[in-house]
Amino acid sequence: GNSVTQMEGPVTLSEEAFLTINCTYTATGYPSLFWYVQYPGEGLQLLLKATKADDKGSNKGFEATYRKETTSFHLEKGSVQVSDSAVYFCASRPGGYQKVTFGTGTKLQVIP
Amino acid sequence: EAQVTQNPRYLITVTGKKLTVTCSQNMNHEYMSWYRQDPGLGLRQIYYSMNVEVTDKGDVPEGYKVSRKEKRNFPLILESPSPNQTSLYFCASSTGGNQPQHFGDGTRLSIL
Numbered sequence: 064g065n066s067v068t069q070m071e072g073p074v075t076l077s078e079e080a081f082l083t084i085n086c087t088y089t090a091t092g093y094p095s096l097f098w099y100v101q102y103p104g105e106g107l108q109l110l111l112k113a114t115k116a117d118d119k120g121s122n123k124g125f126e127a128t129y130r131k132e133t134t135s136f137h138l139e140k141g142s143v144q145v146s147d148s149a150v151y152f153c154a155s156r157p158g159g160y161q162k163v164t165f166g167t168g169t170k171l172q173v174i175p
Numbered sequence: 004e005a006q007v008t009q010n011p012r013y014l015i016t017v018t019g020k021k022l023t024v025t026c027s028q029n030m031n032h033e034y035m036s037w038y039r040q041d042p043g044l045g046l047r048q049i050y051y052s053m054n055v056e057v058t059d060k061g062d063v064p065e066g067y068k069v070s071r072k073e074k075r076n077f078p079l080i081l082e083s084p085s086p087n088q089t090s091l092y093f094c095a096s097s098t099g100g101n102q103p104q105h106f107g108d109g110t111r112l113s114i115l
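Chains A and B, in that order, give the protein sequences. The numbering of the first sequence is my numbering, which starts it at 64 and goes up by one. The numbering of the second sequence is my numbering, which starts it at 4 and goes up by one.
A hint or two may mislead.
Calculated cross-link-like contacts (lysine-lysine; reagent style DSSO-like; alpha-carbon spacing at most 27 Å) [said to hold, decoys possible]:
| hint | chain 1 | residue 1 | chain 2 | residue 2 |
| --- | --- | --- | --- | --- |
| 1 | B | K60 | A | K123 |
| 2 | A | K119 | A | K131 |
| 3 | A | K123 | A | K140 |
| 4 | A | K162 | B | K60 |
| 5 | B | K68 | A | K162 |
Here are some chain A residues pointing at chain B (derived, C-beta under 8 Å) [to be verified]:
| hint | residue |
| --- | --- |
| 6 | S95 |
| 7 | F97 |
| 8 | E105 |
| 9 | G106 |
| 10 | L107 |
| 11 | Q108 |
| 12 | L109 |
| 13 | K112 |
| 14 | K131 |
| 15 | F152 |
| 16 | K162 |
| 17 | V163 |
| 18 | F165 |
Chain B stretches covered by chain A per the calculated footprint, using a threshold of three residues with CB under 8 Å from any CB of chain A [said to hold, decoys possible]:
| hint | stretch |
| --- | --- |
| 19 | 20 to 28 |
| 20 | 78 to 86 |
Think of the hints as simulated: they come from the structure by calculation, not from any bench. Keep in mind that this is a model prediction, so the values were computed, not measured. The beta-carbon is built from N, C-alpha and C at its ideal position, and this holds for glycine as well.
Next up, chain A with everything else stripped away, as it sits in the complex:
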């Protein structure tokens, strides 16, 4: 079946540090890939997505590239801010109306 594996958290970084959160997936075919962010006390919201190999999703300074050869979709940001403190979820979705698979989430804490 499909699965998504994320790096364990929590991740603690100083402001302006470089961020990488690893995500790998297993799937039959070529799923669409997503990163969602959950701020404290809120629901999940889409951060970025990529729908085919070599696509790069980007938003709010975050980027992730769909790597078919390594089945990965790592999240990166060059300079994190305190306001980026949140839980980040990687997810994959096959085509049609098949179910979405989420990773376990990675908590990021950015300290001033």
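Got chain A sorted already, so can you dock chain B onto it with the hints?
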């Protein structure tokens, strides 16, 4: 405004007392889904629905029921709640294919 609305946001109740968590979306989405979020376990899918009168089990369906009589509504029913169903619950909706999900703000259930 496009949104997914869950009610109630918070509920404390007792073992065995039937409860329903409502979910409504105003985006005419075919796909709707329920998740529970527990520390260390990430998001786990309970049930999902691909359209009216079409539902299927997710990863953790035991102890839950759903129905999809109208496109906009997807209630989650706990016929006989137990303490292990204490959790944070999210409803989500989307169109099919490679589109992201829209999440509600969550319902925090405590079963005593």
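Practice item. Any hints from earlier that this structure breaks? Give me their numbers in increasing order, please. Key: 1, 14, 19, 20
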